[in-house]
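Trainee: Following the hints, complete the assembly by docking chain B onto the known chain A.
Read off the chains here:
There are 2 protein chains.
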Amino acid sequence: MKFSSKAEKCQYSPMRKFHTYAVAAEEKGRSIYHLNIGQPDIETPEACFQAVREFDNRVLEYAPSAGIPELLKAVQGYYDKLGIHYDTDEILITTGGSEALQIALNCILDDGDEILIPEPFYPNYNTMVATCGGVIRPIPTTPEEGYHFADRAKIEAGINEKTRAILITNPGNPTGTVLTPEEMHMLADVAREHDLFLIGDEAYREFVYAGEPLQSFGSCTEAAENIVVIDTVSKRFSACGARVGCLISHNRELLGLAMKYCQCRLAVATLDQTAAAALYSVEGDYFAAVREEYKRRRDTVVRKLQEIPGVVCQCPKGAFYLMAALPVDDADKFQQWLLEEFEDHGETVMFAPGEPFYATPGKGKNEVRIAYVLQQEKLERAMDLLALGIRAYQNR
Amino acid sequence: MKFSSKAEKCQYSPMRKFHTYAVAAEEKGRSIYHLNIGQPDIETPEACFQAVREFDNRVLEYAPSAGIPELLKAVQGYYDKLGIHYDTDEILITTGGSEALQIALNCILDDGDEILIPEPFYPNYNTMVATCGGVIRPIPTTPEEGYHFADRAKIEAGINEKTRAILITNPGNPTGTVLTPEEMHMLADVAREHDLFLIGDEAYREFVYAGEPLQSFGSCTEAAENIVVIDTVSKRFSACGARVGCLISHNRELLGLAMKYCQCRLAVATLDQTAAAALYSVEGDYFAAVREEYKRRRDTVVRKLQEIPGVVCQCPKGAFYLMAALPVDDADKFQQWLLEEFEDHGETVMFAPGEPFYATPGKGKNEVRIAYVLQQEKLERAMDLLALGIRAYQNR
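Protein sequence lines, in the order shown, are assigned to chains A and B. As numbered in the numbering used here, residues 3 to 398 make up the first sequence, in order. As numbered in the numbering used here, residues 3 to 398 make up the second sequence, in order.
If we strip away everything but chain A, and leave its shape as in the complex, we get:
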């Protein structure tokens, strides 16, 4: 049988590709510090589980395709507090931010159409764009410049007659970059001027560490028709397993097309929507505590990384990731070696090798993404293991 050429071109997740090596290492008795995946260890607020326990419908029915009213109102209320107003029919609840993004891309990209994305970027964007037959054109950055991409000339250089959209992850995954309000308005202006969609993947909105107010491209009202916001409860409430996100836009034509895909997959899980609606009742002090915790972790990781000779790493401003260039020939080989050959007191460490975060061939080979999703002392130990690993790998 023949398979789809698009499917064959897609990649496996670099965060999950070393899973079998990790299992093998664990079977040998190794203990692994997982910095490879963005699974926070923060407890999910109790409101989530309480809502699920109190669910009292005797039939677990389909929810409406656009989402349950309680959740739509909760999302609306959340944005109102940020000073950004959406009608509830400008919000479509999706199975995680992932589905919101896939639906948005399905609505926008035809075969051969291009989408501009700063690189390094979240590797699942590759599969999502390939599914629509689209092509990613990367906006290049460097580790030395802290992966800064928000430069009008740099962005406009990538726009041609096939370009349909710009996709920005802000705060950034994998880089942790955070845009200034001026940079956001510049991007909105570029989108408006070139008649492009500006898709803001804002999964990490709450994770900013300089005391700045929470941001969204939704506040760029000068380009309201161009902007699509992708959101999720996954990181905000440490509820990744709920798989509840949303697609938000003032563009009614886009919403109309997106609804076709929402109807096609029928609905998002009913219990999880109920839980997500309850999560939006969580108060600001929860976020303040979480933010403080991640800020400490970030500072620890950056300090320890910058102590390792040959590592290039700028302090990231948001999310809970950072990219770093390591003094190794190939981060992929290094990761495999860490799982198969290395151990210190029975322990080793995992990160996500950098190459799959790039569209430009050859870039990112010596870079890694580190998710600082462990407690302070575990992070310290993980960074020590990385330093020991690098030294041993260089001297092997």
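Only true hints are included.
Heads up, the list lumps identical chains together, so a pair's fine if it works in one copy or across two of them.
For lysine-lysine, the following DSS-like pairs were computed, each having C-alpha atoms within a straight-line distance of at most 27 Å:
| hint | residue 1 | residue 2 |
| --- | --- | --- |
| 1 | K19 | K75 |
| 2 | K156 | K4 |
| 3 | K164 | K4 |
| 4 | K164 | K11 |
| 5 | K83 | K297 |
| 6 | K75 | K30 |
| 7 | K156 | K319 |
By construction, these hints were calculated from the structure, which means they are not laboratory data.
Mentor: Frame of chain A, contents of chain B only:
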């Protein structure tokens, strides 16, 4: 901004397209009997809610991309009881049967590739196939022949060099047709001989009313590499809102490609997988009772329909749907009229108009799909409303 031509070509769900008219009718005080959507009224087994209440992980984490081990084992055990064995890594848990189907199609269909589907078919197949750039080639049937399609010559007449797969819903939605074991092996043989995938959408497996054993294309071992089974807990356990399904195959290459899509959307909702695993502990007497209930409902609907002058309707053998040809010019207009103009003692009725279930232009215009998902006396009343509605519509 330009939109994707594929998205523009997709349709809205015919089951959900009259939603706004229904809301308007309800606002006028009308009570509506909903036969338009396959949402069973049967209570979800308590095991589902109990499992959710007992969930005691403090972090609602991502599940593995392929599914949680408990659920994989539960699905494996269910098939073992049918005499069909799969390794757990031949099962991928998906967000409903819908996602399983979309992933399977993504893996198989390239732009312009064809897939054979008996018509009338579940309309969401249109969007799913269009998303891959594929084309549906219908296997034609007629209401007078009870929508029978399993004829080798008829099927082979539709196969050409672009054909990649045959998709069969068995038991059938919308027609309620059920294949004989001989017909299933014939289809498997056609797939093998022509090097095609045979995708069995078997969401309604338990809903067969002639005392026959439960069937699956998975038992056609002569074409093991060709067969892909799509399954779901939605109808089996009246748990549509859980959005838990699976993709099953012995074809390792297909599974490998499918895993790329599973990783791209990260995971299926954790709580719902836990609930689904618990549902598989439900015993056979649950199914016997549910089957008896639906059989009674089917008999009622068919009897009442056949009493209406001019209706063409064969008694369906499975699922909880039937297609019928009505003595009206246009079922779409008739539905709108039923919601806007008609009422009897403040009540009216909804079904799904037939045309969107066909790929052949003009077919199905006077047909409807009826989902017999209401209690006996409600169904009786709904059928009376349909009969009254037809008479009034003809005389308007």
